[in-house]
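Peer 1: What follows is each chain in one-letter form.
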Amino acid sequence: FAGLADVSISEDIPVEGEITVPVGSHSPDEDFSTLDEPVRDTIMRDLKAVGKKFVHVMYPKKSSTLLRDWDLWGPLVLCVSLALMLQGGSADSKDDGGPQFAEVFVIIWFGAVVITLNSKLLGGTISFFQSLCVLGYCVLPLTVAMLVCRLVLLAGSGTVSFVIRLVVVLAMFAWSTLASTAFLADSQPPSRKALVVYPIFLFYFVISWMILTFTPQ
Amino acid sequence: GTAADWGGFEDNMQGGGSAVIDMENMDDTSGSSFEDMGEMHQRMKEEEEEEAEAEGEAGAAEEEDGEFLGMKGLRGQLGRQVADQMWQVGKRQASRAFSLYANIDILRPYFDVEPIQVRARLLESMIPVKMVNFPQKIAGELYGPLMLVFTLVAILLHGMKTSDTIIREGTLMGTAIGTCFGYWLGVSSFIYFLAYLCNAQITMVQMLSLLGYGLFGHCITLFVTYNIHFHSLFYIFWLVVGGLSTLRMVAVLVSRTVGHTQRLILCGTLAALHMLFLLYLHFAYHKVVEGILDTLEGPNMPPFQRVARDIPVVSNVVLNTTAKAIALTL
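Protein sequences, first through last, are from chains A and B.
Counting along the first sequence from 1, when you hit position 66 you're at 66 in UniProt numbering, and nothing is skipped either side.
Counting along the second sequence from 1, when you hit position 184 you're at 184 in UniProt numbering, and nothing is skipped either side.
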């Protein structure tokens, strides 16, 4: 072995490194580290991620946070709160013309799935759940609009309140559509952006319509 | 890793899988299928191979133990091995079937359009062709028709809301979606079946595309007349816009059918269904009840109209008024 030592390199360059190669010790370590932490840390981390994404929706800049670490907590919370607020009247009212909870829930998720499939079929590079995540988070402005509408309706339901509600819902609808377009349209070939934007427009239009025509009983 | 990739490739060559599965194994970020599903599938395959290796070693060790335990031990081990293998084969087959049928690449060629093409086809759907002796070309595209059906659903929803339609035992959204999709898919299938009987040269996708684009006229008509409530305006739109789109569909079908009787059957059915559907959409979901009764009965209005609407009464009244209106116009 003495002969081999001469073959390698000159003496004045230090050779360093590890001979023992850790075999797959990285991932179990990571798992252990998040498994052992207190529950509060896990929840706070997830809440912070959701909060950061909310901020990104309200100020849509071209960032990839929404796309990279997708999660469906935010969309679920938004969808449930919107559906709860859109429930019409009391349970024992016979003329219940408002959308039921299940209806709103199904519309939002089914609509988001259809838009995702459409954008993938048109040659998009975004993944299924990433697209669902973006569409779900961009319902936030419309949820805010629903809150505002309910407050305005508490004050009264005349022409003035209708005009206020119309303006608010229109503004939030435009905000939602622009926000989701900013995130989703980048993943499409440039000539087909209009084809992807139209179903998103229709989707948020239907939700806005449900919000605008909501009358408490 | 690459070992698993190569292993998966070999598996496909032996199993005679389709090209669809190959694409899934490629490290492709363009998302040929659900990437997450693809990742899961990859992980499943890696796990399978690890299990198979581990199984081989464990099997050998267990066999020795079995021999030590005697015949009963050996049979137990063999049974378990066979069960495990069958489960693995079943899982492999199921994942192959899933990646074959749930792969949306099957639908990809039908969505390969540009916005300019869609706009051109929308405008063409209102222009009847003159040449019926030469088979007209129909683009087998599904993006435009699908978007038109959804637009029709949205317009219908708007109409139902403005007319305060109350639907019991169902929901507004469900009714709108059911009506529009039911018409598009159902009538397309029915006309395709008739076309098969009448020896017309048309495929199912082409029929879906043709009827879908024919709904463009319906969308325009309903959008205008749900907002401007003039019945004469509706009838004009019904005849002109509905008629134009029906004529276009009829002309295309005629150009692809041989024989007078066949042409008559096919085109008569399609024309009738298409025009009647527009009529139905307008009258069933529109605040037209009081309007028509006003014009027909005059100032002597029976008091029952002022009562809050109840759906059986409304449907009876709508049928009566529709019959009266059709009798008047004929």
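No wet-lab data here; the hints were simulated from the structure.
Please read all numbers here as calculations on a predicted model, not as lab measurements.
Check each hint, because a few of them may be wrong.
[Claimed, not checked] Restraint-style ranges between C-beta atoms, simulated for each label pair:
1) 129(A) - 140(B): 49 to 57 angstroms
2) 194(A) - 140(B): 33 to 41 angstroms
3) 152(A) - 162(B): 47 to 55 angstroms
4) 272(B) - 152(A): 45 to 53 angstroms
5) 136(B) - 80(A): 49 to 57 angstroms
6) 227(B) - 154(A): 28 to 36 angstroms
7) 116(B) - 36(A): 31 to 39 angstroms
8) 131(B) - 152(A): 53 to 61 angstroms
Glycine residues also receive a C-beta, built at the ideal position from the N, C-alpha and C atoms.
Peer 1: None of the hints should be skipped; say for each whether it holds.
Peer 2: Hints and how they fare:
no., hint, in the structure
1, 129(A) - 140(B): 49 to 57 angstroms, "30 angstroms, violated"
2, 194(A) - 140(B): 33 to 41 angstroms, "21 angstroms, violated"
3, 152(A) - 162(B): 47 to 55 angstroms, "20 angstroms, violated"
4, 272(B) - 152(A): 45 to 53 angstroms, "48 angstroms, holds"
5, 136(B) - 80(A): 49 to 57 angstroms, "50 angstroms, holds"
6, 227(B) - 154(A): 28 to 36 angstroms, "29 angstroms, holds"
7, 116(B) - 36(A): 31 to 39 angstroms, "58 angstroms, violated"
8, 131(B) - 152(A): 53 to 61 angstroms, "58 angstroms, holds"
The earlier numbered hints that this structure contradicts are 1, 2, 3, 7.
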